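Engineer: Spelled out from the first residue to the last, the chains are:
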Amino acid sequence: MTRISTSTERNPSFRWLRAGGLAAALALGIAAPPAEARDVTIVLDPPSAETNRFWETSGDNNLGPAMQTLLGNDPVTGEIDTSTVAHTWEVNEDFTSWTFHLRPEAEFHGDWGPVTTADIVHSYQLHTSNDSILTGLTLLRGAELEVLDDHTLTFHLPEPRPNFLFAHAGRGIMLIYSKAQYEAEGIEGYDAAPAGTGHFRLTERRIGEGVTFEAVEDHWSGETSAVSTLDIRYVAEPATKLAMLLAGEADIVALPRELQSEATEADYAILSSTNAAMQTAFMFGNIYEEGVEGYNPELPWMDIRLREAMNRAIDRDVLMEVLYDGRAEKLVRFMMDPRGEGYAPELAERFDEDYGYDPERARELLGEAGYPEAFADPVIPIISTTLGGNPEFPVLAELLQVFFDEVGLQTEIREMDWGTLGGMSRARTAFVLRPMRNAPIRPSVQGLSIFYSSAGNPINFVETAQMEELATAMNASIDPEERGEIARDAFTYLYELYADIPVASVGYEVAVDPDTIVGWTYPGATAIGLSHWHLIEPVAE
Amino acid sequence: MTRFALLRLVQSLVSLFAITVIVFGLSHATGSPIDTMLPDDATTEQIAALSRNLGLDEPLWRQYLVFLGNALQGDFGMSLKWRGQSAMGVVLDRLPATLRLGGLALLISIAVAIPAGVVSAVRRGTWADHLVRGFALFGQSIPAFWLGIVLIWIFAVGLGWLPTSGHGGLAHMILPAISIAAFQIAALTRLTRSAMLEVLDTEYVKLARIKGASETAVVWRHAFANAAIVPLTYFGVLAGSVLTGSIVVETVFGWPGAGWLAIEAIRARDFPVIQAVVMFFALAFLLANVLVDLLYAWVDPRVRHG
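Heads up: the protein sequence lines correspond to chains A and B, in order. The opening position of the first sequence corresponds to residue 1 in our numbering, with each subsequent residue numbered one higher. The opening position of the second sequence corresponds to residue 1 in our numbering, with each subsequent residue numbered one higher.
These aren't lab readings, by the way, just hints derived from the structure by calculation. Since the model is a prediction, treat every value here as computed from it, not as a measurement. Note that the Cβ used here is the ideal one computed from N, Cα and C, for glycine as well. Where hints are given, some of them may not hold.
[Claimed, not checked] Derived CB-CB ranges, DEER-like: (1) A:I413 to B:N53: 55 to 61 Å; (2) A:D267 to B:L287: 32 to 38 Å; (3) B:L60 to A:D317: 46 to 52 Å; (4) B:N53 to A:D267: 46 to 52 Å; (5) A:T152 to B:L283: 54 to 60 Å; (6) B:L56 to A:E90: 40 to 46 Å; (7) A:E364 to B:V150: 34 to 40 Å; (8) A:E398 to B:A29: 25 to 31 Å; (9) B:S141 to A:A376: 46 to 52 Å; (10) A:A540 to B:S141: 46 to 52 Å; (11) A:G326 to B:G134: 42 to 48 Å; (12) A:E93 to B:L60: 48 to 54 Å; (13) B:L283 to A:G326: 23 to 29 Å; (14) A:I413 to B:E58: 33 to 39 Å.
[Stated by the list, open to error] Chain B is faced by these chain A residues, among others (derived, beta-carbon under 7 Å): (15) P47; (16) T51; (17) S58; (18) D191; (19) E209; (20) H219; (21) M244; (22) L246; (23) A247; (24) G291; (25) I450.
Chain B with its partners taken away, still in its complex shape:
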């Protein structure tokens, strides 16, 4: 197990290094921040002065080395859009908002998707199965921003039950959380259903039934406990999504989380924040996936000995 864990850690570090190159390269490939920071009528002198101030007049390789050296210390420089604030500080500031929203979306996803997937598998071919599969298809097909706007119009404008947007308490979180959760519910439901169908057909489940175990015990203790490994792998992606927030949903609902921050930074070509936020996202995904892999190996010995 230790060897497996170490191997995954080394793989993650290599990935992280590759990500630094990609992040740096892509953010510079989008163009110069000077083009978005300076007004249209900026003079040649203003352009040169700002290039100098931002270190953009240095060769690209040197800029990368400076970026890498500073990034290792968690220093991504000062934000160009949120002047006076460090890039990492801006990211960390936005994180609690994303965690709260993502956490609620995750809870909703699990609370809805796991029972729905199980019921759909157990009642295969019935109206309940068709209903769940229909919802799953719907959830995976509709864009989150569209669902968000529809929810706003129904529940905020039409019924007046919830606020349209903004950052606040639980009432402000319900609609965006549902918008984020819709896709996750669909994906998780389908995964749970297919995993359950596979397990329900195995010999040990049949044996449990023959031995007279109750249907609840068969489904949840014998079948679901073994089928859970499949949706478990999806938690890596799900947890990553929670940490990184939803760019479109946060924008539609004016929820100032990490997803919103990413899009605003890209619009403003705020390189330090883009680099900080993407590196943070990458780290979040890597950690979530390493954790899931370790969990997977712990649950299934074939993985760690494979």
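Isolated chain A, as found in the complex:
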């Protein structure tokens, strides 16, 4: 069990932990007696959907402590591992047949018996049904399941899907539900409390208030949580969340960054995921070629010089400091991650030269482009919006406006809710500069396809012949090395196209009460940022 995080050794962006959080944690670790089972209260933002029917949500998993997926993630590296229901997996050469071997000892809570392939088939049917609105569903749908025995089954896919495992870990869009429970109790049984295979069992869901989980004694994995009851409460108001921490009503609180300093000043600790959990960027609407639906030549950023000027107008060091209190890393390319396919280190090396803060160069570029006279509508509409997990977006929009104004760009802030923005993007009329996030960080090829090629229609931000060619080749390739090379070419192409404004790579942070919590190691690999609830290490009561 790591006290806070070992990722400081792996990722320089989380060096701050060493300076502050880790020092505090080590001190705590020295002072703290051995952990014993105790109750822990965690305060989170209300989820987008409160239900036990995970497949009817967009992927906002609030059943994490109780329900598992076929595969898991390593708590430190975040890499996909076999820590959950399946103990091994195999894939054929062209990535169309994936075989999973289930752990014979894996069993559901209560009296619902061991996990068998029948449960996997049942869960697959639920998650790919017409009621399912899960994100990334295309990765899962269309498979034919072949049951080889009670503990072995194969997913036969209609086309190669090298990133198929991402659907089962990380994104984790197929939770394992008990078929026996469904047959005995129907959907009402799930609505009351679905039996899972996780380290905790769901005991109560209180609408508008939260969910309570109880640790499973003698869990089949051999690991039993040091937390006896996990009470997750939903609170929308940040000031109330901070008050709950300071009043001793909560042990762990997901606080927006602007309030975290209030907590640290009062000697509370900040824990971060061991790896980056999210990337943020501002996207230019509709960088399409003529003939593509949504193409609009009058958008000022259709001129690459303006896109470069906007990128060069931004002092990213200031953004990191103001938005993330210095606890984030500048993002080189949206969707590109050192752990993923096609990572191009040379782009990181060139970044300051090509994207670095240079207002003089930005003004020159605007002059070369004839801005604003040569543009029918030179005003850049910047979207200010709020999104759970990204409270920094409105401030980011205002900072961009300040930087842009400084070099002579004409801007206006447009306030808009996330849903309306999504509607505009789906109608391909989002002629704006808008924030976007990548959480959990997708496999490179998937991210590139969705956001930068017609495969992501209608939401894609880029659609050019060259990128289409790269995306097609990338998706058709079953050679990992070749895919990596193509992904690298795609990242380089988008980098040189100034296809967006990459902002930051950030971890998922929570504030904790050091009097009650010693540590918690989670990799930031899931959609909600948190996972590995059984690794919460409480201070003995």
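With chain A's structure known, arrange chain B on it following the hints.
Structural biologist: Quick look at chain B alone, frame taken from chain A:
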């Protein structure tokens, strides 16, 4: 009186019909629930399938007729955010929490505002009057969410006397109830004061004094009994507020009542719940106002014969 009651009932039904059109129109004007329900990377097929499932691919007029027909039977469909639950079921589930909190706020409002308004009028121009008017101005000026946060920091974080938030017993209700009541106390105090001032200056009150009635009897039996009709009209609004809860206060205190439900449903564009909750709110306000009008007509014959 019967004719008056019937007339008010018909007026209410017409209002209710107008409200159905407004509620349906406005909830659809905010955009499609698909935009909030589906993930950013939803495919065209997913969008089309969900539109079909929710009946959003039908013409708007047909969607309205279906909504109206079902609403008449109390069926607003299934919630989109609280999957597996009916929209009206979700609203009714949240109602007891709001009624308890609102009831306490109402009690506090009346217990504080009526005596304060009366004292302020009777002691007009004295320090007591200035104090009450100052508090009334304060209560009407400060936003409820700000007051709520301040109360949390003083009484929960600072003194540790009460819980910061959450749903529970009386201890959990005190701070949010005070936050809701602050504005109502201010409004009710000012109304009571002005009504009392008017009545205290009338001939029959002077006559009561001349006849040697005690000051307590003059103020409460003769003056307040007649002045009460003015604050009584405000009870319609007050009762409506109690039933509908306070959106901001419930959110600040994490109190899962009807007000909280309304804001969560709007955020999620959960049309069935938005429609159910707003129709419920509208009905609550209409009923409260009809009741007050009937009471008003019963107390003051000039109204029913006017």
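Engineer: Next item in the hint list is A:L246. Is there a CB on chain B closer than 7 Å to its CB?
Structural biologist: A:L246 check passes; min Cβ-Cβ to chain B is 5 Å, inside 7 Å.
Engineer: Taking the CB of A:E398 and the CB of B:A29, does the distance hold inside 25 to 31 Å?
Structural biologist: holds (28 Å)
Engineer: With chain B as the partner, please determine if A:G291 meets the hint condition of a C-beta pair closer than 7 Å.
Structural biologist: violated (18 Å)
Engineer: 46 to 52 Å was suggested as the range; check whether the CB atoms of B:L60 and A:D317 agree with it.
Structural biologist: Distance hint for B:L60, A:D317 holds at roughly 51 Å.
Engineer: Using the Cβ atoms, figure out if A:T152 sits within 54 to 60 Å of B:L283.
Structural biologist: With a Cβ separation near 58 Å, A:T152 and B:L283 satisfy 54 to 60 Å, so the hint holds.
Engineer: Grab the minimum C-beta distance from A:A247 to chain B and call the hint holds if it beats 7 Å, violated otherwise.
Structural biologist: Cβ of A:A247 sits 5 Å from chain B, so the hint holds.
Engineer: Look at the Cβ atoms of A:G326 and B:G134 and judge whether their distance stays inside 42 to 48 Å.
Structural biologist: 46 Å Cβ-Cβ, so the 42 to 48 Å window holds.
Engineer: Just to be careful: measuring from the Cβ of A:E209 to every Cβ in chain B, is the smallest value less than 7 Å?
Structural biologist: holds (6 Å)
Engineer: Okay, B:L56 versus A:E90 on CB: inside 40 to 46 Å?
Structural biologist: With a Cβ separation near 43 Å, B:L56 and A:E90 satisfy 40 to 46 Å, so the hint holds.
Engineer: With a cut-off of 7 Å on the beta carbons, see whether A:M244 makes it to chain B.
Structural biologist: holds (5 Å)
Engineer: Holds or violated: the 46 to 52 Å window for the beta-carbon distance between B:S141 and A:A376?
Structural biologist: holds (48 Å)
Engineer: Does the Cβ distance between A:A540 and B:S141 fall inside 46 to 52 Å?
Structural biologist: With a Cβ separation near 49 Å, A:A540 and B:S141 satisfy 46 to 52 Å, so the hint holds.
Hint compliance for this structure: hints 1, 2, 7, 13, 15, 20, 24 are broken, all remaining hints hold.
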